[in-house]
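Asks: Dock chain G against the given chain Z, drawing on the hints supplied.
Sequences listed follow chains Z and G, in order.
Here numbering that gives the first Met the number 0 is used: the first residue of the first sequence is 0, the next is one more, and so on.
Here numbering that gives the first Met the number 0 is used: the first residue of the second sequence is 0, the next is one more, and so on.
These are computed hints drawn from the structure, not numbers from a lab.
Misleading hints may appear alongside valid ones.
Said to hold, decoys possible - To list a few chain Z residues with every Cβ distance to chain G over 10 Å, as calculated: (1) Glu6; (2) Glu8; (3) Leu10; (4) Lys14; (5) Phe15; (6) Ile20; (7) Ile22; (8) Glu39; (9) Asn54; (10) Ala72.
As the list claims (entries may be wrong) - Dumping the calculated BS3-like pairs for lysine-lysine here, alpha-carbon to alpha-carbon at most 25 Å: (11) G:Lys5 to Z:Lys58; (12) G:Lys63 to Z:Lys76; (13) G:Lys98 to G:Lys5.
C-beta: ideal position from N, C-alpha, C; glycine also.
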Amino acid sequence: MAITPEEIESLIREKFPSAKITITDIAGDGNHYAAEVIDESFRGMNRVQQHRAVNAALKAQMEGSNGALHALALTTKAPD
Amino acid sequence: MTDAAKDRIQQTISENDVVLYMKGTKASPQCGFSSRVAGVLNFMGVEYADVNVLADEEIRQGIKDFSDWPTIPQLYVKGEFVGGCDIITEMTLSGELDKLFDDKGVSYSRDAADKIRAANA
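One chain only, chain Z, in its complex shape:
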């Protein structure tokens, strides 16, 4: 089961409407993505908290061994 970059972006966008979001398909297989999310709401949060916030938006896609999203390399930060 694959997922498109647009679907990932829109799931993240639901929770972080004004974030700068960059999705890269790192393996070209629709399964392994890298996502960079830059959002003001991350300020003051450590990385684990930032990642948890993004993961929460994608939870349904990452659950179980049959999740559509097999691997997502995540980079998060607050805007400079």
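Replies: Chain G only, in chain Z's frame:
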């Protein structure tokens, strides 16, 4: 997560200063992400306990619930969840992992850490 799984995880992270929940073992990782984190710890000469989640279905799901974290590997230092592969990689390259080990009194080779950074500069 079962109470038994929770108790076992709690015990493991209490009894070991550094614990890596991973797919495979430190000597024989079964996934690239687990391999990367184990490789960093091995190279830096960190003493750590490795828990192979593939050998234990209860812990495989239990650790995800315990940490509220969806993926493996997961690194614990002094009972605290530090992060998964992406975070450990970033922290290694930025020097934050050195600082964490310094703060927590975990011994490691700074020379090795510097070599990793030099190789990835």
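Asks: Would you mind marking each hint as holding or not holding in the structure?
Replies: Structure-based check of all given hints:
Once the 10 Å rule is applied to beta carbons, glutamate 6 of chain Z is consistent with being away from chain G; the minimum gap is 17 Å. Under the 10 Å C-beta cut-off, the non-interface status given to glutamate 8 of chain Z relative to chain G holds; the minimum distance is some 18 Å. Under the 10 Å C-beta cut-off, the non-interface status given to leucine 10 of chain Z relative to chain G holds; the minimum distance is some 14 Å. No beta-carbon of chain G is positioned within 10 Å of the beta-carbon of lysine 14 of chain Z; the least distance is around 15 Å.
Distance check on phenylalanine 15 of chain Z: its Cβ is at least 18 Å (rounded) from any Cβ of chain G, clearing the 10 Å threshold; non-interface status holds. No Cβ of chain G comes within 10 Å of the Cβ of isoleucine 20 of chain Z; the nearest lies about 16 Å off, and the non-interface call holds. Isoleucine 22 of chain Z, annotated as away from the interface, keeps every beta carbon of chain G farther than 10 Å; the closest lies near 15 Å. In this structure glutamate 39 of chain Z is separated from chain G by more than 10 Å, as the shortest Cβ-Cβ distance comes to about 20 Å.
For asparagine 54 of chain Z, the requirement that its beta carbon stay farther than 10 Å from each beta carbon of chain G is not met, with the minimum near 5 Å. Annotated as non-interface, alanine 72 of chain Z brings its C-beta within 10 Å of a C-beta of chain G; the closest such distance is 5 Å. A C-alpha spacing of about 21 Å is found between lysine 5 of chain G and lysine 58 of chain Z, which places the hinted pair at or below 25 Å, so the restraint holds. Only pairs whose Cα atoms come within 25 Å are accepted, and lysine 63 of chain G paired with lysine 76 of chain Z is accepted, the gap being roughly 23 Å.
For the proposed pair lysine 98 of chain G and lysine 5 of chain G, the alpha carbon gap of about 29 Å is over 25 Å, so the pair is violated.
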